[in-house]
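Sequence lines, in order, name chains V and W. At the far end of the first sequence sits residue 190, using this note's numbering, and the numbering has no gaps. At the far end of the second sequence sits residue 1491, using this note's numbering, and the numbering has no gaps.
Derived from the structure by calculation, the hints contain no laboratory data. Careful: at least some of the hints might be erroneous.
Unchecked claim - As a list, the in silico DSS-like pairs of lysine-lysine whose alpha-carbon atoms are at most 25 Å apart:
hint: 1; chain 1: W; residue 1: 1119; chain 2: W; residue 2: 1097
hint: 2; chain 1: V; residue 1: 147; chain 2: W; residue 2: 1264
hint: 3; chain 1: W; residue 1: 1197; chain 2: W; residue 2: 1216
hint: 4; chain 1: W; residue 1: 1417; chain 2: W; residue 2: 1400
hint: 5; chain 1: W; residue 1: 1264; chain 2: V; residue 2: 180
hint: 6; chain 1: W; residue 1: 1114; chain 2: W; residue 2: 1060
What the hints assert, rightly or not - Simulated coverage check for chain W against chain V, where a stretch passes if three residues somewhere in it have a Cβ under 8 Å from a Cβ of chain V:
hint: 7; region: 1145 to 1156
hint: 8; region: 1250 to 1258
What the hints assert, rightly or not - Just a sample of chain V residues kept apart from chain W, beta carbon distances all over 10 Å, derived:
hint: 9; residue: 55
hint: 10; residue: 143
hint: 11; residue: 165
Just so you know, even glycine gets a beta-carbon here, dropped at the ideal spot from N, CA and C.
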Amino acid sequence: MLDLTYHKYFQQVIWIFIIILFSCNDAEYQLDNESDPENLGLEPPTIFFHPSEFDAIKVGAKDTLDLYCYEVSDAAGAHLQIEFDAGVITIDTVLTGDFFRNDTSGPIMFTDPIVFTDQQNGTLNIYLFYVPSLSSVSATGTMSMAKVPFTVKGEGSAPIRYTENTVLRGPSNNSITLNKFGEGSINATQ
Amino acid sequence: MLFVSILTEGALAAEKIDWKGIEPKTGNRLAVLEFSSEGISLPMQNLLTDQFRNNIRKLKMYEVLDASMTNQVEIFYPGEDVYGECKSEGCIMELGKLLKVNYVIAGSIIEKKKEFFVKGKFYSIDLEQEVHGFSMENVSAVDSVRLEMKRLAYNVSGLEAPDTLTVDATNKTVVYNSLKKEEKKRQWIKLPNIPSKVKSLIYSTVVPGAGQMYSKRTYTGLGIFGAEMIIGGIALLAHSNYQKSWGGFETTYNNYNDEDDPGKLIELRPKIIEYAKDTDRYNTFLKGLRIAGASVWGLNMLHAYIVGPDDIFVRTGDIGSFVDANTKPRMSTWDILSGFGVRGAIFRPLFKGTSLSAFSSYTDGGFSIVTPIGLYFGSVFTSLTYESSNYSFYSSGFDKQYIGTSNTVAFSFDLTKKISFGGNRLRKYAFLGRSSYDDGKGYVIGGDLVYDVSTFPLSFALISRANMVNTSITGKSMWVTLGVNVGLDIP
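Generate the whole structure from the sequences, applying the supplied hints.
So this is what it looks like as structure tokens:
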């Protein structure tokens, strides 16, 4: 028992001396995650695509494009107009993201085209509306507004971009000023 | 049986007394020093010395000092084989003078192979020389030793010992025998014969303060050990906080690297920065503590060597106060260092100027060196002080920071005599200095309330500083800190 106590105290003393003699590592880090909006060269508030690049995606493969807002405040609704190369991809559908979701329900969403059969013009319109609740009437933050699953139709490199008709509005129908939008690209291969 | 055998064992001792009767001339005060011993227990050594002392006293030829009075003065004399013993003639003369006696008897009792050898010397302090030597050899029983020492008392007093001389057998004799058996079991490690100063240094190198304790500076040793323990305790605390921050940093950083959701990445980013800042801060603090700990350790080693047995000093009945045995004071290295002090502090800004209002303040560390160099302005002693302290202010998002180290040369005004509050144990200082910051210069004013820990060279203080700065980042600004420090002063 005495030996155990002795060893306990001896260990404590040794620890104290070790800590005194040797300091610890400094925290070294690099915040270089490619998905980090701060690494995309964007200035908030704005909107962007995630991921911004689809490299060497095979023809016939399916994937999902997220439409993100970046540090947007008090948004109650949005019209997102996207241009894409209809020769390279086809939009399968559009799903709601978490941004316009209130405590209990998701957003109200319309799309144009309503049915994704004819996408010859390569334009997708998404209308999103925040459903006000007793506790909140708008959304704030960096989150996905909508998810766009697509299928690679043909080979080639094609950009995806938000058009200048894209707009976010606040609860008083005020337009929210956004900085330069982020762009995306799809590089499809056989 | 043992008791009876001791009583019956009356082997004749071959006694040899080298004695030349010299009567006391100037006075008859006599001090009988504790006999040093080898092979016998401490109680037996005390018993024999006491009986010898009492026997001389009973003969009324000398005014014999009590054991308590004799032992009240403990002298530490250079050149002794065992530091603290007083065997050399020089030491005995010094001790005799301190005890204000005319004569001193010092001797030794040695047991070898169940036979006892007693040797002693009779010194005249007035003549500053040894006047008699006495010895007896081959006494083969404890009670025979007592009898022979009783006979010695007669001889020392210049009287004829009667033939009917006897000693009372006491249970102390039995105790002695049992103690002797126990003592035989103990096998202490014997250190090589190295100089006491080096021994003191080695002890303090291994355990801070141990050398001081060996050199009879018990309180100083305890103070140094306590200071190291305090530094170690704070280091443990800081290390615990560091581990928390490091754990948070590692987890968050790993999550950041593995995460794909930009929304979550945006949330993780400031947390990583915050954890990294915290770990760096604790690490810096630990580095500071390492320097402080190593400095105290180094000073402790230096101190142990300096105070290692070399100079005579005398400890009287008042434990803790030391009086130089020499009438002429000697200037030692320690005397030169005396008055210097080192202090480690932690503090936190309480108030900030407007240019720093958007920043949050944090607890930082620093140290100061107090010097005895200064001037008296009336009763106020003003000493020169150097202070180095870190400062750190971060914006709420950790994206902006104002950090650095200030170096201050200051005058410390001792106002203890002017301000009666708290008495002399609570020293009051005003502080005024010129500071150099990483990106500018400024002035520091402040005050210290220093509490001295009894006879320890350790002090605790509450300190406040107002930093008035003019730097390239803040412009003209200021902040006021409140903190505590632990100080080690060289007595």
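Discussion item. Tell me the hint numbers this structure goes against, listed in increasing order.
Written reply: 4, 6, 7, 10
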